[in-house]
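Number of protein chains: 2
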Amino acid sequence: MKLPEFADIEQAHERIRSYVHHTPVLSSSTMNRILNCELHFKCENLQKVGAFKFRGACNAVFSLSDEEAAKGVCTHSSGNHAAALALAASIRGIPSYIVMPNNAPTIKKQAVEGYGGQITFCEPTLEARETTLARIAMETGAIEIHPYNNFNVICGQGTAVKELIEEKGLFDVIMCPIGGGGLLSGTSIATRALNPKALIIAAEPEGADDAYRSFHEKKLIPSINPKTIADGLLTSVGELNFRIIQRKTDEIVTVSERGIVRAMRMIWERMKIIVEPSSAVPLAAILENKLDVRGKKVGIILSGGNVDLEKLPFHEFV
Amino acid sequence: MKLPEFADIEQAHERIRSYVHHTPVLSSSTMNRILNCELHFKCENLQKVGAFKFRGACNAVFSLSDEEAAKGVCTHSSGNHAAALALAASIRGIPSYIVMPNNAPTIKKQAVEGYGGQITFCEPTLEARETTLARIAMETGAIEIHPYNNFNVICGQGTAVKELIEEKGLFDVIMCPIGGGGLLSGTSIATRALNPKALIIAAEPEGADDAYRSFHEKKLIPSINPKTIADGLLTSVGELNFRIIQRKTDEIVTVSERGIVRAMRMIWERMKIIVEPSSAVPLAAILENKLDVRGKKVGIILSGGNVDLEKLPFHEFV
Chain A
1 MKLPEFADIE QAHERIRSYV HHTPVLSSST MNRILNCELH FKCENLQKVG
51 AFKFRGACNA VFSLSDEEAA KGVCTHSSGN HAAALALAAS IRGIPSYIVM
101 PNNAPTIKKQ AVEGYGGQIT FCEPTLEARE TTLARIAMET GAIEIHPYNN
151 FNVICGQGTA VKELIEEKGL FDVIMCPIGG GGLLSGTSIA TRALNPKALI
201 IAAEPEGADD AYRSFHEKKL IPSINPKTIA DGLLTSVGEL NFRIIQRKTD
251 EIVTVSERGI VRAMRMIWER MKIIVEPSSA VPLAAILENK LDVRGKKVGI
301 ILSGGNVDLE KLPFHEFV
Chain B
1 MKLPEFADIE QAHERIRSYV HHTPVLSSST MNRILNCELH FKCENLQKVG
51 AFKFRGACNA VFSLSDEEAA KGVCTHSSGN HAAALALAAS IRGIPSYIVM
101 PNNAPTIKKQ AVEGYGGQIT FCEPTLEARE TTLARIAMET GAIEIHPYNN
151 FNVICGQGTA VKELIEEKGL FDVIMCPIGG GGLLSGTSIA TRALNPKALI
201 IAAEPEGADD AYRSFHEKKL IPSINPKTIA DGLLTSVGEL NFRIIQRKTD
251 EIVTVSERGI VRAMRMIWER MKIIVEPSSA VPLAAILENK LDVRGKKVGI
301 ILSGGNVDLE KLPFHEFV
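Chains as they are written, first to last, in this note's numbering: chain A, 1 to 318; chain B, 1 to 318.
Hints are not guaranteed to be accurate.
Listed next, the in silico EDC-like pairs over lysine to aspartate or glutamate satisfying Cα-Cα at most 16 Å (straight line) [unchecked claim]:
| no. | chain 1 | residue 1 | chain 2 | residue 2 |
| --- | --- | --- | --- | --- |
| 1 | A | K168 | A | E257 |
| 2 | A | K296 | A | D172 |
| 3 | A | K248 | A | E5 |
| 4 | A | K311 | B | D231 |
| 5 | A | K311 | B | E269 |
| 6 | B | K311 | B | D231 |
| 7 | B | K311 | A | E310 |
| 8 | A | K227 | A | E257 |
| 9 | B | K311 | A | E269 |
Hint data in this document are derived by calculation from the structure and do not stem from the laboratory.
Produce the entire structure from the sequences given, and follow the hints as far as they go.
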């Protein structure tokens, strides 16, 4: 299995440039003063569909030949990838088939439908999701686009840090959260090429620490009964992603739930932007002193902003 | 009394350019599709201190001669202007004296103190605020910087729409909220000069409609017992501001409280940014069909993002 290289990310960037938002990079003087470092946040919460996932989905969809694309794309997801794939397919004018667990939040279903995705519901187990997806793929001829264990998805995700470094110059540290590893693997490839001296550090919730354990034990350990408020980071790391991460990433650290909520609140209050808990995980690592960033220039990818305003967590950890 | 001209706004922009954030302009394809128009939001909620007020305060502070500045600046305010003036003074290295009512929210006091402002508390009446400010000015020799009825403050506020038009080209409609009129007067001068054909429309809460009534009755009518969730828009329009607005603004419309909350929620959910209720007032006017923007390119200044996360209004108007 060929690993993506930086040239593939450059091609991905050309391919998706006209479809994705060139998201802003924001910073807060007050936060920098409090934390004694220079933080630059790449705001993928302001990306289309509210998450970096649109980059990868877009690259995957527009990498297909006309013949491949004709019958559409499919995936199983209850999260941002589902909405991202539906929108990317809709832009290309092809159908998208999304398998979702029947207990998925109404807000997620509405998002997928709003972008033109055709939903098939199934029981909320991985097995049901996979068999349903296999059936849908068979019936429709649609091509499966995995949310992260996919060459073109990884290349698309790598374009966020490419924009960050192109805009703000070289960094001492680049950080992002890790769930399945799509963002981290793409980020690691692009950073190694553009900013070879930067430390590449991923952050993960303690309650879903399969990437941390896999990285340190040097073998892929699946996520079993993960539990965290960072609902974008519950999945197990993908095989292709793990191979890249082992080669390119410097460190993975874990953070507490309290730290995630504290970091999320700091971003909302100080930066006036809405991020979902998963986005706050790298800042939580800084707040919890899991790495030393004093005096350093740090780039952080904020992964997404899809959070249910009815269920804000700020009271849970006071 | 000389009225500011566009050349004064250009000078203000040069003066403050290195101190203020060049804030991003964001848009949402989904909102544009729903509302059948092209909205561009100038995000002054992402400005320093979380509000456009920093532009005006900065221009006022840096317009002072060294001699004038030496003894510092003062104002009475419990809102964004207080924090903005404290930060601007702190950047120039001069003292700032802020008179605040003794019932001001803790979060506001902390913001002013955090930026180095020296607070004097007084009874929560306009008379107490004015007499206390007069005493402080006398004792310290500090120069008063009014939050909006001030030539240099108006010129500073006008730089936001200048950036918007320079970045995104000409608009059919330019909108902003109106409270004291600092933002609207500066916005109107800059828009008339850069984009003469644009309609300039301000939006105001029904419960604080002194600007609406003043504009239509062609005389300054003070705000008496205003009541609105848009706490940045409670003040009466300033005299200098009103003279400019009468000459340059095309229309003022009013919106309901329910409309403000609905618009605020739409901005949070769709754009993933935090805006305070005052910022949502122009979008509320569009949602409530107070003007016809179908097919039009509309620029909206989002005035600020300082909102107490403990007291979100989303349940009040369900």
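Against the 16 Å threshold, does the CA-CA distance of K296 of chain A and D172 of chain A hold or violate the hint? Holds, at roughly 6 Å.
Would the pair K168 of chain A and E257 of chain A pass a check requiring their Cα atoms to be no farther apart than 16 Å? violated, 31 Å
Can the restraint linking K311 of chain B and D231 of chain B be considered satisfied, given a maximum Cα separation of 16 Å? holds, 13 Å
Does the structure keep K311 of chain B and E269 of chain A at a Cα separation of 16 Å or less? Status holds; Cα separation ~13 Å.
Under the criterion that the straight-line Cα-Cα distance not exceed 16 Å, is the pair K311 of chain A, D231 of chain B satisfied? Answer violated: K311 of chain A to D231 of chain B is near 25 Å, above 16 Å.
Taking only the CA atoms, is the gap from K248 of chain A to E5 of chain A under or equal to 16 Å? holds, 11 Å
Taking 16 Å as the top limit, are the C-alpha atoms of K311 of chain B and E310 of chain A close enough? With Cα atoms ~13 Å apart, K311 of chain B and E310 of chain A stay inside 16 Å; holds.
Please verify whether K311 of chain A and E269 of chain B have alpha carbons no more than 16 Å apart. The hint holds at about 13 Å.
Does E257 of chain A sit within 16 Å of K227 of chain A, going by the straight-line distance between their CA atoms? holds, 10 Å
Hints 1, 4 from the list above are not met by this structure, while the remaining hints are.
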